[in-house]
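As numbered in this note's numbering, residues 3 to 106 make up the sequence shown, in order.
A few of these clues could be false.
Claimed, not checked - The calculated DSS-like cross-link candidates involving lysine-lysine, where the alpha carbons are at most 27 angstroms apart (straight line), are:
(1) Lys102 <-> Lys63
(2) Lys20 <-> Lys97
(3) Lys20 <-> Lys102
(4) Lys97 <-> Lys63
I should point out that these hints are in silico values taken from the structure, not numbers from a laboratory.
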Amino acid sequence: MSASTNESSEECVRAHLKIYGIVQGVFFRSSMRDLAISLGVRGWVRNLPDGSVEAVAEGPKEAVEELVRWAHRGPPTAVVDRVEVEYSRCEGRFKDFRIKYSWW
Numbered sequence: 003m004s005a006s007t008n009e010s011s012e013e014c015v016r017a018h019l020k021i022y023g024i025v026q027g028v029f030f031r032s033s034m035r036d037l038a039i040s041l042g043v044r045g046w047v048r049n050l051p052d053g054s055v056e057a058v059a060e061g062p063k064e065a066v067e068e069l070v071r072w073a074h075r076g077p078p079t080a081v082v083d084r085v086e087v088e089y090s091r092c093e094g095r096f097k098d099f100r101i102k103y104s105w106w
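My request is simple: use the sequences and hints to build the entire structure.
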């Protein structure tokens with residue numbers, strides 16, 4: 003029984019997030035990067051020209067879900083209005099979690 007519990011907790015998932023509100027210029031990206039690294043989550047985060055923040059996160063299901071929960075509140079200076087999240091299977095293309103500085 004514990005073997006199946008360990009396997010399910012190690013399930014790799016991918017989350018694509020779009021975060022809306024006052025989320026640029028409030029250390030959202032750097033805070034998300036720091037948390038992702040501490041959780042062992044890989045992927046990236048970037049600002050978009052419409053004022054939102056976009057992120058892709060891959061890793062253990064529980065860790066990715068914790069990052070998604072955090073995204074609903076963000077760092078203390080952020081005001082998150084809403085978060086759109088789409089889950090899918092891991093693609094395994096990321097070696098770390100980075101801030102992207104452009105959207106093209």
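Hints, one by one, checked against the model:
no.	hint	result
1	Lys102 <-> Lys63	holds (23 angstroms)
2	Lys20 <-> Lys97	holds (21 angstroms)
3	Lys20 <-> Lys102	holds (14 angstroms)
4	Lys97 <-> Lys63	holds (17 angstroms)
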